[in-house]
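Asker: Take a look at the letters that make up each chain.
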Amino acid sequence: MTEVGIKLVFSLTQIAVVLGIVLLTVMILTLAERKVLGWMQDRMGPMEVGPYGVLQPIADGLKLFFKEDIVPAGANKFLFSLAPILALVPALIGFAVIPFGPNKTIELFGYQFQPFVISDINIGILYILAFTSIGAYGIILGGWASNSKYSLLGGLRSAAQVISYELNVGLAIVGVLLLAGSLSLVKITEAQAGGFWHWYVFAFPFPQIFAFVVYVISSVAETNRLPFDLPEAESELVAGFFTEYSGMRFAFFFLAEYANMILVSCIAAALFLGGWNAPYPGTLLPESLAWVEGVMWFTVKVYFFLFLFFWLRATLPRLRYDQLMRFGWKVMLPIALGNILVTSIAAYLFPR
Amino acid sequence: MTKFTAWIKTIIFYEILVGMKATLSHLLHYKPITLQYPHEKRTLPDSYRGMLALLRYDDGTEKCVGCDLCEAACPSRVIKVFSAEVPGEPTKRYAKEYYMDMTRCLFCGLCVDACPVDALGMTREFEWAVYDKRQLRLNKEQLLAIGDRSYPVREKRLEFQHPNVAFFNVAFKGLPEKES
Chain C
0 MTEVGIKLVF SLTQIAVVLG IVLLTVMILT LAERKVLGWM QDRMGPMEVG PYGVLQPIAD
60 GLKLFFKEDI VPAGANKFLF SLAPILALVP ALIGFAVIPF GPNKTIELFG YQFQPFVISD
120 INIGILYILA FTSIGAYGII LGGWASNSKY SLLGGLRSAA QVISYELNVG LAIVGVLLLA
180 GSLSLVKITE AQAGGFWHWY VFAFPFPQIF AFVVYVISSV AETNRLPFDL PEAESELVAG
240 FFTEYSGMRF AFFFLAEYAN MILVSCIAAA LFLGGWNAPY PGTLLPESLA WVEGVMWFTV
300 KVYFFLFLFF WLRATLPRLR YDQLMRFGWK VMLPIALGNI LVTSIAAYLF PR
Chain V
0 MTKFTAWIKT IIFYEILVGM KATLSHLLHY KPITLQYPHE KRTLPDSYRG MLALLRYDDG
60 TEKCVGCDLC EAACPSRVIK VFSAEVPGEP TKRYAKEYYM DMTRCLFCGL CVDACPVDAL
120 GMTREFEWAV YDKRQLRLNK EQLLAIGDRS YPVREKRLEF QHPNVAFFNV AFKGLPEKES
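Chains as they are written, first to last, in numbering that gives the first Met the number 0: chain C, 0 to 351; chain V, 0 to 179.
The set of hints was computed from the structure by calculation and includes no laboratory data. All values derive from a computational prediction rather than experimental measurement. Glycine is no exception: its CB is placed at the ideal position from the N, C-alpha and C atoms. One or more of the hints may lead you astray.
[To be verified] What follows is a list of derived Cβ distance ranges for each label pair: (1) T33(V) to L23(C): 46 to 54 Å; (2) D45(V) to L22(C): 49 to 57 Å; (3) L22(C) to G49(V): 33 to 41 Å; (4) K40(V) to G73(C): 31 to 39 Å; (5) S24(V) to K329(C): 42 to 50 Å; (6) Y36(V) to L283(C): 46 to 54 Å; (7) L23(C) to D45(V): 28 to 36 Å; (8) I120(C) to S24(V): 26 to 34 Å; (9) T102(V) to V299(C): 35 to 43 Å; (10) T42(V) to E47(C): 20 to 28 Å; (11) R148(V) to L18(C): 55 to 63 Å; (12) I120(C) to Y36(V): 49 to 57 Å.
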């Protein structure tokens, strides 16, 4: 077999595994969200399908799969079909550059492979930001193509909100990039090795704690989750941009929302909380099994963020639209800009 | 100083943190108030106003005397009574036919209050969802059957409850002998 063939097979296997894990996590999340919300509100959550409702995601998936696929009268059919794909693909494609475990290479048939990252490109974080912005098009086009006023209003709100908060996400990340000196997620994570005081939330020249808070709040807004779920505000807009969607197309939007949640959690874990690095220097397990520990810490950090999403949803009511805009432009943006200023001065005074 | 603490509280999202602590404490001290309804059921109070039923005396005769007062009291015209003489007893009446259209009933209990002989009762049955709403127009036999299964302890006839009161219904057969 040629070199290209082997590399292609390896990459395809990697992509299949990552995609499988992401979709499995989405399934777990749909159940976990309902369960955690229920427990926080003194309820039980789903209890009927399987013991303690653990088979609920499968039942939901089957139900969505067999639902009728309705295209409303007067809808733009092409854009109506395109929008869910435009929402889902950018959400899934971002996982290509996420490092899930330690940056080590294995040798297979005489060639070098990185098993824990699909492709370690040197503009990783920029790539993710670019593609998550395309995801907003899916929402806007879906809202417009539905030929429904609620969908259109949801799409418009989404456009304004995602643009405002993308900016804050980008600016919050800049501080970390200044300290790490790289856009590659693998290099950024490697720079944080050796104990939690090296993580960029607490790192020496200037702790990125403000950038971290800005990033977390903005990423909640960017994924259209409560308390920033104005594009799909149930009490105001029926269901926002996917009011007219049903069946598998609705399932695509649903998948995209949860995949986006996982993606922003992965970025937060990799950029601010040290990715696969343990909070203590080195690893406890022997060298050959160190990757197990790395993957475990990465998973723990990602799931902490996902829990935070549910926790915020259970606690906070929805913001009003003007409050959302004021908070984004007048509070988050100056903090992010000030953080960049202070971080660059600190990075200049204490060069690595 | 108070201004400074207020400022600090704004900076660290104090109110939001308090709220998140509240939800987390509910998660950690998880005590659901949910009752898994079809599997476990609430104990209903005795005064529960559920399905209506016609009752009988302990000798198996119907209590209803066909006076139509329930029909008059009913605010949503649920009840329809066709009164008739008891065959062979010209002064005594009974409900020859008795219909209740339970699709309209609002379970106010006015018919139970209006009944002079306590022939109507409210049971604790409430699971009366059916596929055909015509099944909810109940006749006398069905209402009596509900009463039979919900009120196993029946009253004695009025004249046996108080043997010393005067009987106005002189045509009643088989009166107990008065102790002279």
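Asker: Taking the hints in turn, state whether each one holds.
Answerer: Hint-by-hint comparison with the structure:
no.	hint	result
1	T33(V) to L23(C): 46 to 54 Å	violated, 28 Å
2	D45(V) to L22(C): 49 to 57 Å	holds, 54 Å
3	L22(C) to G49(V): 33 to 41 Å	violated, 48 Å
4	K40(V) to G73(C): 31 to 39 Å	violated, 49 Å
5	S24(V) to K329(C): 42 to 50 Å	violated, 33 Å
6	Y36(V) to L283(C): 46 to 54 Å	holds, 48 Å
7	L23(C) to D45(V): 28 to 36 Å	violated, 52 Å
8	I120(C) to S24(V): 26 to 34 Å	violated, 44 Å
9	T102(V) to V299(C): 35 to 43 Å	violated, 57 Å
10	T42(V) to E47(C): 20 to 28 Å	holds, 23 Å
11	R148(V) to L18(C): 55 to 63 Å	holds, 59 Å
12	I120(C) to Y36(V): 49 to 57 Å	holds, 54 Å
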